[in-house]
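Trainee: Sequence:
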Amino acid sequence: MAKPVVPEERRRRRRPTRSGTVLSERLIVEAALRLLREHGSAGLTARRLGLALDCDPSTLYRYFRGMDELTLAIGDALVGEALRGWRPTGEWRTDLRDVGVRIHAAYVAHPQAAQLTTSRVTGRANELAADEAVLDVLRTAGFPLPDTVRIYHAFIDQTLAFAALDAASLALPRAARSADDAMWRSTYAHLPAATHPRIAEAAPLLSARMVTSAYPTALEMLLDSAQATLARLGS
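First residue of the sequence shown: 15, per our numbering; consecutive thereafter.
These are calculated hints, taken from the structure and not from any lab test.
For every residue, glycine included, the Cβ atom is placed at its ideal position computed from N, Cα and C.
Between beta-carbon pairs, the in silico distance windows are: (1) Ala208 with Arg98: 50 to 56 Å; (2) Thr103 with Leu219: 31 to 37 Å; (3) Arg223 with Pro158: 34 to 40 Å; (4) Ala203 with Arg138: 41 to 47 Å; (5) Thr154 with Arg223: 33 to 39 Å; (6) Ala143 with Asp194: 34 to 40 Å; (7) Ser200 with Met235: 27 to 33 Å; (8) Met197 with Gly57: 27 to 33 Å; (9) Ala139 with Glu234: 25 to 31 Å; (10) Glu146 with Ala203: 42 to 48 Å; (11) Ala139 with Ala222: 37 to 43 Å; (12) Asp194 with Leu41: 33 to 39 Å.
Model the full structure from these sequences, guided by the hints.
Mentor: Structure representation (structure tokens):
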């Protein structure tokens, strides 16, 4: 049976750890992000966290029921990082673009954590705030509820999907990532037009674009589609 989680106000240690740290959920999440950055998902264990925080690993279960709940907290922390300082301008397209770019950037800044969390639904405060913000932007712009939900679904899933794809590339060993990028110049750029005419004509553009994220382009295409929907509603 899972141990009951102690309310936040009752979780704090009466004494700091040997290193002088007073534990909190935020500090544990920050330590987990460091471990993921340094060791990948395999390095995120209660034992390693205990060492990093100078506490007994069992202490962590006063804050989280298990490592899966910690994973959800990490994902929610990334969303919170994305939303920090964001305020709607009242221009729906600008606001959606800003939210999308912020969320994508927050995840790719922590690629190992992104690989663990982009497919998860946390139900936590930051995720709920982001969902509420996107839905409110769309409804305030005048989208009917069915279109709001349809666009919200595509917007959120597209943002997280590109974050996962780009994070997976960034999490590769440097040599592998460099080899992948070089393939556009070493192989695609030298294919003969006689056998691969479309690749040959596009090769210079492919070698420049395919080593960057397609998320900004995909986001603009989604926003164009949403704007066309709004225009049809007003016609």
